[in-house]
Amino acid sequence: MSFFSQHPFLVAALIKSALLLFIVLTTLAYLTWFERKVIAHIQSRWGPYRVGPHGLLQPLADGLKFLFKEDPTPAGVDRLVYFLAPFLALTLGLTSIAVIPFGPEPLRISGYETHLGIADLNVGLLALFAITALGVYGIALAGWSSNSKYSLLGGLRSSAQMISYELSLTMSVVGVILMAGSFSLREIIEAQAGRSAWGLLPAWNLLAGPFPQILGFLCYFVSAVAETNRAPFDLPEAESELVAGFHTEYASFKFAMFFMSEYANMITVSCLATILFLGGWLSPFPATPLWSWTHYLPSVLLAGFGLLVLWDGLRYTTLLGKIVLPGLGTVFCVLAGVFAAVPGVNHFIQGPFWFLLKVFIILFVYVWLRATLPRLRYDQLMAIGWKLLLPASIVNVIVTSFAILKWGAR
Amino acid sequence: MTLPLLMFFLLAALAVAGAVSLILARHPIRSALSLIVVMVALAGLYLLLGAEFVAMVQIIVYAGAIMVLFVLVIMLLNAGEEERTNLSRLAGPPGLLLAGALAAFLVTAAARSGQFIAAGGSEAPSGAVSTRALSGLLFREFVFPFELTSFLILVAILGALVLAQRENS
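Here the protein sequences come in this chain order: A and B.
For the first sequence, numbering that gives the first Met the number 0 puts the final residue at 409, and the numbers step up evenly by one.
For the second sequence, numbering that gives the first Met the number 0 puts the final residue at 168, and the numbers step up evenly by one.
One chain only, chain A, in its complex shape (with noise of 0.2 Å):
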């Protein structure tokens, strides 16, 4: 006790990250079981739904085929390097969620405050940018320590492709940033409070200011798929292309941790997609007093998918999901009635609520494109790359800069 009292932030920074990573890695488990889900759907199938009720139980059937399965590392590899790889993949995809916020409000626990959010840098859209250069030598090193030639192109085509977008991503943010006039995530958000339009739309970076940032979003979007690998521009790591690319020659364990750094790197893109274009944790309602039935929403969402939840495990087949589900429906509304009926607790999960339905409506159309688009050919995505989107992002920056000039940032 003594010591949470003489050094109050660092314990507290100790125990926020241990929960915020053991959120991430439970949220990143469960995007591959929404992802196969959507992707059935879409497919007119099912996707998993043996193993558990509705195949909730999945991706830990997943986690525990990778722990268990065989882990040879092949000859003549660069035994150092070899091992570095994943680590490094699966560390600085992780890494870059510490620096975002969540919320506005501060968390209060018997006396002391603490914002939600690890690290509030005032460099921290730098920050980012600094984790996600990094993040190419994960994939460049797997390429070329695996001894074996399809691991080696795949990993030099990634690399390439990796390092062209890296430019259209950075480039396509430089508008948001002269708008909001400050690196900090949270003072980006918060220069896109208010309304605009004559008050009909919220004043986010995608629909105000003197330049709606519609270009920046499109280039930023593009360049974050094209930066995560992921289809439609995921060809260095396409089962029919290359054997599987870079991580050819990785298995069990090492091959989870390159599969979590990919949806790491996903879920910090649809992040700071959500704060840069989307206002962050800002509602899109007004503030006005006309406007509070908005802050009941989330508990009336969440006391609507409880019930859905309820009422389909009562319904379910096996004993299980009859079990299961039901409990599942009724801890979602009885949460849903404890955030209506505390005006403190409601008024604190405002802002994460909102943001975290801008993040999950981002990560449902990264899953959409996937199922939907096909691939692009290598030389394609290079011409798209450096072609299309560079010379977009920079006129976007030079219009952006003309229109503050004349008409100031807000």
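Simulated from the structure, these hints should not be mistaken for laboratory data.
These numbers were taken from a predicted model, which means no experiment stands behind them.
Take the hints with a grain of salt, since some may be wrong.
[What the hints assert, rightly or not] Here are a few chain B residues that face chain A, going by a calculated C-beta distance under 8 Å:
# : residue
1 : I22
2 : G49
3 : E51
4 : F52
5 : M55
6 : I59
7 : I65
8 : T130
[What the hints assert, rightly or not] Covered by chain B, according to a simulated footprint, are these stretches of chain A (three or more residues, beta-carbon under 8 Å):
#  : segment
9  : 93-105
10 : 122-129
11 : 152-161
12 : 386-392
Using N, Cα and C, we set each Cβ at its ideal position, and we do this for glycine too.
Using the hints, position chain B against chain A.
For chain B alone, kept in the frame of chain A given last:
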């Protein structure tokens, strides 16, 4: 032993270890990785000095772009381990002596610099230098060197393009 002092010693030790490994490693990839460690340690030292923008740009540009090119070139050329020839083995001891002499010179210079700082040299910056101040300097007082440097980089890119084309035809 305050936390900043401890961090300084850790980062400095990391940078020195990376630099020594860079020279002594036999495989070029190990040298490249050691150089990346040195860059990241330097970025940490810039953060300790309060130069946040420079620290982040150091990682983005140096460790994230330039060293990636180094690593890609080593991968493409498939460079193997270095050979140790008789001449390179002979050059070991004189090199060590010269390094020791240079280190002694640096240590005496640093030890004597205490007198210059106490005698009222330049003022140390107090706290973090904001990005706004840095960009003000860059685009007002130093705009001419800034634009000349970007012109120089443009010339280098054009030269690379011309050289690459000539090899094809």
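Taking the hints in turn, this is what the structure says about them:
no.: 1; hint: I22; verdict: 17 Å, violated
no.: 2; hint: G49; verdict: 12 Å, violated
no.: 3; hint: E51; verdict: 5 Å, holds
no.: 4; hint: F52; verdict: 6 Å, holds
no.: 5; hint: M55; verdict: 4 Å, holds
no.: 6; hint: I59; verdict: 5 Å, holds
no.: 7; hint: I65; verdict: 10 Å, violated
no.: 8; hint: T130; verdict: 7 Å, holds
no.: 9; hint: 93-105; verdict: violated (count 0)
no.: 10; hint: 122-129; verdict: holds (count 5)
no.: 11; hint: 152-161; verdict: holds (count 4)
no.: 12; hint: 386-392; verdict: violated (count 0)
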